[in-house]
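As given, the protein sequences belong to chains A and B, one line each in that order.
If you number the first sequence the way our numbering does, the last residue is 332 and the count never jumps.
If you number the second sequence the way our numbering does, the last residue is 482 and the count never jumps.
Errors might be hidden in some of the hints.
[Stated by the list, open to error] Beta-carbon label-pair distances, calculated as ranges:
#1 A:Gln-24 <-> B:Val-220: 53 to 63 angstroms
#2 A:Ala-182 <-> B:Asp-456: 26 to 36 angstroms
#3 B:Thr-309 <-> A:Asp-293: 58 to 68 angstroms
#4 A:Arg-323 <-> B:Ala-429: 42 to 52 angstroms
#5 B:Thr-304 <-> A:Ala-182: 34 to 44 angstroms
#6 B:Gly-62 <-> A:Arg-323: 53 to 63 angstroms
#7 A:Leu-129 <-> B:Glu-378: 41 to 51 angstroms
#8 A:Asp-307 <-> B:Asp-456: 24 to 34 angstroms
#9 B:Glu-254 <-> A:Ile-135: 52 to 62 angstroms
#10 A:Arg-323 <-> B:Val-220: 51 to 61 angstroms
Treat the hints as calculated values from the structure; they're not laboratory data.
C-beta: ideal position from N, C-alpha, C; glycine also.
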Amino acid sequence: MKARPQAVQLRGGRVIAHLRDPAQAIYLALFAVLIIGWVLVTIDGGQFVTTENIVGIQQRSAALGIVAVGQTLAILAGSLDLSVAYLISLTSLVAAEAMTGGGMVPAIAVVLAVSALVGMVNGLVITKLKVHAFIATLGVALIIKGVVEHRYDGPAGDVTDSFQRLGYDRIGPVPVSALLWAGVAVAVWFLLRRTRLGYRIYAVGGDEEVARLSGVRTDRVVISAHVLCSICAGIAGLLLAARLGAGSPTVGTDGGYDLESIAAVVLGGTALAGGRGGVAGTVGGVLLLAVLDSIFNQLEVNSFFKDVVRGVVIVVAVAVYARRARERRTTA
Amino acid sequence: MLTMTGIGKSFLGVRVLRDVDLSVAAGEVHAVVGENGAGKSTLMKILAGVHAPDEGRIEIDGGPVSFGHPLDAQRGGVAIIYQEFNLLPERSVAENVFLGREPVRRGLVDRSAMEKATAELLDGLGVHSFRPRDLVRRLSVAQQQVVEIVKALSQNARIVVMDEPTAALAEHEVELLYRLVRRLQERGIAILYISHRLREVFDLADRVTVLKDGARVTTVPTAEVDTDELVRLMVGRELRDYYPPRAEPGSAGEALLSLRKAGNDRLRDIDLDLRAGEIVGIAGLQGSGRTELAKAIFGAEPFTHGEMTPLRPRSVRAAVRAGIGLVTEDRKAEGLALRQSVRDNALLVTRATGRGGGRSVKDLLAAVRISPPRPDQEVRYLSGGNQQKVVLAKWMTVAPKVLLFDEPTRGVDVGAKAAIHELMRGLAADGMAIMMISSELPELIGMSDRVVVLRDGAIAGELPAGPTEEAVMRLAAGEVAA
């Protein structure tokens, strides 16, 4: 509220704002980690920049990346989704079973329909029954778990050979799975930047009451975000089924996709409370986690130590963002 | 253009508005004034569709309307600019202006059209200090208010209600607001302007309606009244409430707390002594810095410069350990853990600081006269009066030397109110120094041994025991007494 030359300050502030943008900070961090990794691996006597390694990073990050992009939508809308891991297991089984009996296209359609339905249930429980997203999606997760574990105790179904190519084929150094991830990321980025739904997701996550008083039907926005989030998880389920050549009741939970996807989103600078952030940051967050993984694998570091480092990275990143947000509040 | 007739509204059996008439014509600025609690905000919320009236009707252009939801009012051409803005800080100006009504072209949000329309509206208002793409959080309060006005204009609002629009503005920013109001007026927009500040009423308004205790006192052209008259209309009532007798003049003891040139970003140059045995009343309009003063003394939003003796606390903990307590304005959010028992709440401060203790809970509850004394009950089930007594009990466990009260009887029934007043007087008589903030002038005047009036974060003046309401209002509103 102090007197100040506003126009000048705002223009100067814009440049600083770009540097402070978490989405850019995460890419700086990614770059730094790449350099450090390269140095460490080289000292260790290995080779960091190999085709094998680059492909590996992309393949490792594709499934988590797709889930995390969907999770970004839920979190931006002020919600979150803990059911993605079990949904991935379920959809991998649905895909494999459907392909055993029928063609590839109907199987994909069934998977997307099942995912959308789960997302709809999540959204409805949160908006209509007013159950907090944490509990609502945890409950749905347990329901899926019960169904899956009751019916399967191991891999099932058979994925057609042509579909398995999604898992491992690549064009030059770029795996098809990475292209799929890029496609999903671009689609969601476009949705957030250019569609009414995208604008409203930010509005509802930013302040639900403000959105409501401005005429936004907030329930629909939250439900839509959850449907899209679940569809992303379904796509990840398809990808993992293609890799395994079958469906698996544990593929989602083994990958820890629920908490990892939330961690990647937050690492990418999206506020857990919603309303601020975006897909670009999430992609950076996923890549950062994948590069860390790759470095540890090459250095053959103990896996417990790996988890410790990942934990530290996430906590430090969020602490840095929180500090910046605080500074911003006091200077604005 | 707008006519409201016979509007009445009750909340939980308490009548907050009765038989209020209000009308405003195209291009007219109509001010609504009254003390805190006179019913101004409720009346505006009825117009905004937030509350439905129990009685009366609203007509726009001669046709009856009924707003069941804020959206209905918006579609009916009514825009409200609340004291607390309805903006998303993380989104741009244009995104905020068109929130919920984003223009689309071929299914996609037409960003450039949105920004262009916003820029045109800003140009139309003569505002060039920020642009449609700037994030709202980077704007000053005054600029955010401009965004709200632009939002109203983009909805083609024909009736704009401004609720205390200058409350958060600095002096030089008020000029900008004046200019905007006049531009809206030139366009034939009807404006309802709610304000405590009489100077603004005379500067801007064509007519003024005075509300008191939920009823309309009068509506007059501003040219036909003066400040004295208006103040009298606003506060004109008798002191019929009973208050416990004040301390003997001159009986106040030593200063238990002193401020010299104390300030922070909301307060400046505060000189104040709180003496044993004395109740000091703090008066002032909303936004004058009353609550900020209490929070600064209490270390919650500490002073950043100046002196405070015995010490300038940097944290609440330090303040409590130095013997300072605060009964907060919002007891539900800041004073009590609502889902915990009376016992847990009463022992909160002593457990948190490791001080005091010794007195049994039963003893405490008897001392603050909670009836019936049931230590295991959850606090949220108590009446407002009993809740406030629990807050008092909480402080009595640590026997503070200085106790600050912020709106101690808000939302409390008459009986409990008298009991709280007596308790406060009793604590003072036992040697405590008490500071009391109240928006209710009769209470403030009835209880205080002296009244300190704040305005714009500084002390505007001090009045001895038993001042008139007019004298307090004059100081608070910035009208120099003759």
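Quick rundown of the hints versus the structure:
1. Taken as a hint, the range 53 to 63 angstroms holds for the pair A:Gln-24 and B:Val-220, whose Cβ atoms sit roughly 59 angstroms apart.
2. Between A:Ala-182 and B:Asp-456 the CB atoms are about 56 angstroms apart, so this pair departs from the stated range of 26 to 36 angstroms.
3. Take B:Thr-309 and A:Asp-293: their Cβ atoms lie about 60 angstroms apart, and the range 58 to 68 angstroms holds.
4. For A:Arg-323 and B:Ala-429, the Cβ-Cβ distance of about 49 angstroms falls inside the hinted range of 42 to 52 angstroms, so the restraint holds.
5. Range check, B:Thr-304 to A:Ala-182: about 51 angstroms between beta-carbon atoms, so the 34 to 44 angstroms window is missed.
6. Distance hint for B:Gly-62 and A:Arg-323: a CB-CB separation of about 58 angstroms, consistent with the stated range 53 to 63 angstroms.
7. Separated by about 25 angstroms at the C-beta atoms, A:Leu-129 and B:Glu-378 break the suggested range of 41 to 51 angstroms.
8. Between A:Asp-307 and B:Asp-456 the C-beta distance comes to about 56 angstroms, which lies outside the given range of 24 to 34 angstroms.
9. Take B:Glu-254 and A:Ile-135: their Cβ atoms lie about 56 angstroms apart, and the range 52 to 62 angstroms holds.
10. Between A:Arg-323 and B:Val-220 the beta carbon distance is about 55 angstroms. The supplied range of 51 to 61 angstroms therefore holds.
Of the hints listed earlier, those the structure fails to meet are numbers 2, 5, 7, 8, in rising order.
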